[in-house]
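Colleague: Sequence:
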Amino acid sequence: MPQNNQSVSISPYMSPDARIFVAGHNGMVGSAIVRKLHAEGYANLVRRSSAELDLRNQAAVAEFFAGERPDYVFLAAARVGGIIANSTRKGEFIYDNLMIQTNVIHNAYTFGVKRLLFLGSTCIYPKLSPQPIKEEYLLTGALEPTNDAYAIAKIAGIAQCRSYNDQYGTRFLSAMPNNLYGPNDNFDLTNSHVLPALLRKFHEAKVNGADTVTVWGSGSPLREFMHVDDLAEASLFLMNQSEETYSSLLSYEPAPALINVGSGQEVSIAELARMVKNAVGFDGQLVFDTSKPDGTPRKLADSSRLLNLGWRHRIDLKDGLRDAYSWFMKNCGSNS
Numbered sequence: 001m002p003q004n005n006q007s008v009s010i011s012p013y014m015s016p017d018a019r020i021f022v023a024g025h026n027g028m029v030g031s032a033i034v035r036k037l038h039a040e041g042y043a044n045l046v047r048r049s050s051a052e053l054d055l056r057n058q059a060a061v062a063e064f065f066a067g068e069r070p071d072y073v074f075l076a077a078a079r080v081g082g083i084i085a086n087s088t089r090k091g092e093f094i095y096d097n098l099m100i101q102t103n104v105i106h107n108a109y110t111f112g113v114k115r116l117l118f119l120g121s122t123c124i125y126p127k128l129s130p131q132p133i134k135e136e137y138l139l140t141g142a143l144e145p146t147n148d149a150y151a152i153a154k155i156a157g158i159a160q161c162r163s164y165n166d167q168y169g170t171r172f173l174s175a176m177p178n179n180l181y182g183p184n185d186n187f188d189l190t191n192s193h194v195l196p197a198l199l200r201k202f203h204e205a206k207v208n209g210a211d212t213v214t215v216w217g218s219g220s221p222l223r224e225f226m227h228v229d230d231l232a233e234a235s236l237f238l239m240n241q242s243e244e245t246y247s248s249l250l251s252y253e254p255a256p257a258l259i260n261v262g263s264g265q266e267v268s269i270a271e272l273a274r275m276v277k278n279a280v281g282f283d284g285q286l287v288f289d290t291s292k293p294d295g296t297p298r299k300l301a302d303s304s305r306l307l308n309l310g311w312r313h314r315i316d317l318k319d320g321l322r323d324a325y326s327w328f329m330k331n332c333g334s335n336s
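To convert, note that position 165 of the sequence shown is 165 in our numbering; the numbers rise steadily by one, no gaps.
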């Protein structure tokens, strides 16, 4: 793991023996949350792989909750992907995500879960949001067309958490992180996000002795990146807030039960490509294919509400890139 700059004190609202369900524990976000829970002394974790429990199956999820009765839920399970996957597999993205989150959120209510943290993405916000993006900008403009199906599913999850809180008195909070990366990321060139795709592209170019690497778009869009271990720490930080603070997050107007989780580490895609090039050690040239879409021009989250609670990201992007590439080499490098 990369070197951390400082520690974050997490108040122990959840008892050490609390029964905690991490939905999507094999994914990048879920596995990071599991690592952080173990590091903080939580051992009573409930986990199911997708082969063991299809979260899209309403009856199976109800049976699972009835049998396991978790106290807390981290909802990190999702169908995710980069710009290609989002724009070409919209049916899968909207169906799978709607089914997963609807079943988990509903059964968390039905079986008395104390708190649930629903994890989404800042792509829920309008394509041309004012910057930095505040939580209250949700539903104030048109979405980015290349990922609107995924975004609409996540917006529905936010609305479900809010609706259940209002009608049933549940304690469900939605957290929206920016662009994530780190261990257990998806490095598939067709389905992955921009950072892991670039890591693989530069690695393969280096291995094959290529002279150039082509990057989609102009390189001008700005993106905010955060190491997944920082998100895991923020997730526990939020879940472990006092009842007074947690209640204020749920009731916050004009954006109840919704909070951004950002690092503030914003770079252009061109600058990111140069940083990845250096981390991998590729000596060739960059080529930008301007015939390919850029996507949203800028997407910087306003995370001031979280920062005001005392949380700070700890992993610098340069250190995080080295960590991500090291993980890729140990786990995927031989297959490239």
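For the record, the hints were derived by calculation from the structure and aren't laboratory data. The C-beta atom is built at its ideal place from N, Cα and C for all residues, glycine as well. One or more of the hints may lead you astray.
FRET-style restraints, in silico, Cβ to Cβ [to be verified]:
#1 N331 to A51: 16 to 24 angstroms
#2 S15 to S218: 18 to 26 angstroms
#3 K330 to L139: 22 to 30 angstroms
#4 S304 to T110: 28 to 36 angstroms
#5 S218 to E40: 36 to 44 angstroms
#6 G67 to G284: 26 to 34 angstroms
#7 S15 to L139: 33 to 41 angstroms
#8 E92 to S49: 52 to 60 angstroms
#9 P145 to S220: 15 to 23 angstroms
#10 V267 to Q167: 18 to 26 angstroms
#11 Q131 to Y252: 16 to 24 angstroms
#12 H38 to E68: 12 to 20 angstroms
#13 E136 to S242: 17 to 25 angstroms
With a straight-line Cα cutoff of 27 angstroms, these simulated DSS-like cross-link-like pairs (lysine-lysine) come out [claimed, not checked]:
#14 K206 to K330
#15 K206 to K292
#16 K330 to K318
Colleague: Check the hint pairing K330 with K318 against an upper bound of 27 angstroms on the C-alpha distance.
Modeller: holds, 19 angstroms
Colleague: Take the C-beta atom of G67 and the C-beta atom of G284, compute their distance, and say whether it sits inside 26 to 34 angstroms.
Modeller: For G67 and G284 the Cβ distance comes to about 55 angstroms; the hint is violated.
Colleague: Does the Cβ distance between Q131 and Y252 fall inside 16 to 24 angstroms?
Modeller: holds, 21 angstroms
Colleague: Take a look at whether the Cβ-Cβ distance between V267 and Q167 falls inside 18 to 26 angstroms.
Modeller: violated, 42 angstroms
Colleague: Under the criterion that the straight-line Cα-Cα distance not exceed 27 angstroms, is the pair K206, K330 satisfied?
Modeller: OK: K206 and K330 at ~16 angstroms, within 27 angstroms.
Colleague: Just to be sure I understand the hint, the distance between the Cβ atoms of E136 and S242 should be within 17 to 25 angstroms; is that true here?
Modeller: Holds, since E136 and S242 (Cβ atoms, about 24 angstroms apart) stay within the stated range.
Colleague: Confirm or reject the claim that K330 and L139 have a C-beta distance inside 22 to 30 angstroms.
Modeller: For L139 against K330, whose Cβ atoms are near 42 angstroms apart, the range 22 to 30 angstroms is violated.
Colleague: Quick check on a hinted range of 18 to 26 angstroms for S15 and S218, using CB atoms only.
Modeller: violated, 51 angstroms
Colleague: Given the hinted pair K206 and K292, is their Cα-Cα distance within 27 angstroms?
Modeller: Between K206 and K292 the Cα gap is close to 23 angstroms, so the pair holds against 27 angstroms.
Colleague: Between N331 and A51, is the Cβ distance one that fits in 16 to 24 angstroms?
Modeller: holds, 20 angstroms
Colleague: Between S218 and E40, does the C-beta distance stay in 36 to 44 angstroms?
Modeller: At 43 angstroms between Cβs, range holds.
Colleague: Can you tell me whether the CB distance of S15 to L139 sits inside 33 to 41 angstroms?
Modeller: Since S15 and L139 have Cβ atoms about 37 angstroms apart, the given range 33 to 41 angstroms holds.
When the structure is compared with the earlier hints, violations turn up for hints 2, 3, 6, 8 and 10 and for no others.
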